[in-house]
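Undergrad: Here the protein sequences line up with chains X and U, keeping their order.
Quick note on numbering: the first sequence equals residues 1 to 384 in my numbering.
Quick note on numbering: the second sequence equals residues 1 to 384 in my numbering.
Be a bit skeptical, because a hint or two may be false.
Said to hold, decoys possible - Under 8 Å between C-beta atoms, here's a sample of chain U residues computed to sit facing chain X:
hint, residue
1, 16
2, 90
3, 103
4, 312
No wet-lab data here; the hints were simulated from the structure.
For glycine and all other residues, C-beta sits at the position ideal for the given N, C-alpha and C.
There are 2 protein chains.
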Amino acid sequence: MKILHTADWHLGKIVNNIYMTEDQAYILEQFMSIVKKEQPDVVIIAGDLYDRSIPPKQAVELLNQTLTKLINEINVPVLAITGNHDSPDRLDFGAKLFRRQNLYLETKLTKEYEPITIHDQWGPVHFHLIPYVEPAEVAYIFEDDSIKSHQQATEKLIEHIEKHYDMSERHVWVGHSFIAGGMESESEERLSMVGGTPYVDASLFDQFSYVALGHLHQAQQILRETVRYSGSILKYSFSEVNHHKSVTLIDLENKDECSVEKIPLVPRRDFEIVEGYFSELMEGEAANHRENYLHVRLLDEGTILDPMGKLRKVYPNILHLERAALSPHRQQESLEELKARQKLEPLDLFSAFYQEIKQDELPDKRKSMIESAIEDLRLKERGK
Amino acid sequence: MKILHTADWHLGKIVNNIYMTEDQAYILEQFMSIVKKEQPDVVIIAGDLYDRSIPPKQAVELLNQTLTKLINEINVPVLAITGNHDSPDRLDFGAKLFRRQNLYLETKLTKEYEPITIHDQWGPVHFHLIPYVEPAEVAYIFEDDSIKSHQQATEKLIEHIEKHYDMSERHVWVGHSFIAGGMESESEERLSMVGGTPYVDASLFDQFSYVALGHLHQAQQILRETVRYSGSILKYSFSEVNHHKSVTLIDLENKDECSVEKIPLVPRRDFEIVEGYFSELMEGEAANHRENYLHVRLLDEGTILDPMGKLRKVYPNILHLERAALSPHRQQESLEELKARQKLEPLDLFSAFYQEIKQDELPDKRKSMIESAIEDLRLKERGK
């Protein structure tokens with residue numbers, strides 16, 4: 001069975017105030033060509049179809065067009081789940097009607113959970129569509145209050161699957177989670193850490209022939225070749241400049257035989273970091289393509305009149321201009337430091353911010369106010 | 001052919017800070033029972049499915065459930081259009097996929113316009129699904145800049161239909177507009193009046209066997225029995241207290257023979273205006289049902305401590321409390337005056353407000369600022 005695996009479309013994404021919708025439409029056209037050429041038996045979209053609960057209407061239109069073409073014109077079954085950025089309630093609209101046309105869009109886990117089974121000449125393949133859910137939701141479904149972490153929730157789900165299905169057949173897990181050992185970038189939102197950690201252990205999936213993951217934006221395998229993130233369809237931050245975006249094509253012949261190929265996606269405009277002196281940059285040769293989305297690091301020390309305005313005449317899509325020489329403590333911050341900072345829980349991040357601004361520690365009373373505000377926000381965001 | 005005609009569901013509606021979603025779920029259950037009992041050949045929903053462009057998720061869920069049941073369980077074809085409250089782009093999600101399952105949800109007029117044709121033993125019935133559109137959109141589609149008003153837009157559409165289809169067959173117009181002579185209530189939003197008037201002349205529809213309209217909340221016929229508003233499914237303001245909500249069942253035997261029946265909808269809580277002295281009201285007999293949504297007019301003149309708190313112990317769903325004796329100039333305002341005021345264009349309404357507050361006429365410069373702000377808002381609202 002030929003499976004095309006993609007994830008993290010983030011339709012409606014805004015990067016530095018620029019809507020990515022046109023770039024997304026461009027790359028989805030390319031994606032369609034790949035589907036037409038490769039003729040997979042099924043397309044998997046492993047969550048984060050949209051970038052937020054209430055996406056802009058252009059994003060709704062783009063997803064609508066894309067799914068409609070896949071189903072009506074290309075006639076390929078589509079298996080999709082919601083990720084942590086999607087609104088399960090809003091994406092559920094029409095989901096039951098879509099099923100009759102081979103568009104399976106799973107937004108919620110229920111007690112009536114069942115995989116989608118598709119047959120080929122070697123027998124059935126069972127696709128387990130597991131949308132992003134909070135551990136508490138799994139605890140509720142299985143009436144098991146001991147489930148507190150994503151790890152425990154996944155254990156419970158897999159236990160359930162292994163108990164009810166014949167694991168000597170081919171099973172594919174489609175999920176949206178953070179597998180321990182995965183490489184992060186700047187644009188993934190942290191998953192909830194109620195149970196202390198957002199991570200799930202890759203070894204849980206040993207019984208699955210293929211694990212199609214969404215959430216991390218870099219295409220990668222974890223532990224073995226068949227536990228994979230397809231990665232996002234586009235770069236969504238400058239921390240992703242060195243990624244090579246792609247979709248993953250899997251050929252699943254039998255339970256333990258599975259070939260994997262990455263098919264590159266080439267964006268209309270790449271993300272690129274360029275560094276140099278103003279006069280050099282103005283010559284127009286600094287970027288691979290002048291139209292690329294650029295983070296420009298200016299090395300000049302003196303005053304330059306309206307450098308952004310002038311540089312944009314040469315490179316129209318500069319997203320960020322950094323006066324490297326003028327911001328000494330910022331310029332030194334390495335990606336590692338950035339990552340370390342990014343790993344902080346919101347409360348720790350706020351405490352550090354408070355410390356820096358007030359030159360004093362965050363008092364306990366304020367700390368607990370901030371804590372409950374963060375909790376409220378999380379619940380609200382989740383409930384949208 | 002048996003046609004069940006409804007409109008103006010306004011899912012997600014908020015009246016005096018109360019979400020109507022539970023009441024809407026209740027009445028849609030009743031609607032479903034009617035569909036099951038009457039077994040129509042087709043269900044028409046003539047616009048304003050939602051109350052606004054971005055409805056709350058509970059409303060999305062309710063519409064999803066309702067349409068899914070109609071299609072998957074009751075197996076009745078559904079013909080729906082968007083009204084002036086709906087977002088065409090957002091409701092278009094999945095629309096092309098739904099068509100294969102006999103859910104026709106028309107959100108946009110295009111040059112490729114075609115009716116939906118359904119056959120019975122007497123031949124075809126052509127349903128013309130005309131979503132709410134601005135006159136400018138019709139002007140664009142037909143490349144005719146002379147189209148400025150809803151009247152002209154409708155004329156053009158009907159001209160197109162009469163030219164391309166055999167009008168000796170049965171044709172049904174499904175539209176969302178304001179037919180001249182219709183009775184308004186407080187809860188309809190004014191349609192755009194770019195061409196000077198929002199009205200469309202009922203005589204335009206002479207060639208149609210039945211005209212299924214949405215927009216006005218009171219069930220009514222205009223000029224002849226077969227040009228009808230089904231009315232909203234619930235009362236959505238106190239100006240509608242005397243309405244009798246219903247759905248309309250039409251039996252269309254041949255081109256000129258059509259029987260019409262109104263099937264009542266009985267709400268969980270009715271809207272009611274009650275008037276009296278505090279002590280009388282507290283006896284609990286003032287309303288038809290204590291649970292009704294009430295507008296209470298208190299006749300007492302003196303001070304009463306927390307009348308709302310006390311009255312709500314008896315009548316839990318008071319939406320509005322009016323101290324009639326204490327607000328002499330408000331109390332005198334009749335429904336006619338209210339309607340007259342409501343008929344003012346936003347600019348005139350603002351001018352009147354300015355006059356009342358500043359005791360001076362709105363200067364021309366400010367007038368034009370307000371004018372362009374109103375225009376901006378309209379465009380934005382439309383584009384959402």
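Undergrad: Does each hint hold? Answer for all of them.
TA: The hints, checked one at a time:
Of the supplied interface hints, the one on residue 16 (chain U) is violated, with its beta-carbon coming no nearer than about 24 Å to a beta-carbon of chain X, more than 8 Å. Because the smallest distance between the Cβ of residue 90 (chain U) and any Cβ of chain X comes to about 6 Å, under 8 Å, the interface hint for this residue holds. Residue-level restraint check for residue 103 (chain U) holds (minimum Cβ-Cβ distance to chain X is 7 Å; threshold 8 Å). Because the smallest distance between the Cβ of residue 312 (chain U) and any Cβ of chain X comes to about 28 Å, over 8 Å, the interface hint for this residue is violated.
In this structure, the earlier hints numbered 1 and 4 are contradicted, and the remaining ones agree with it.
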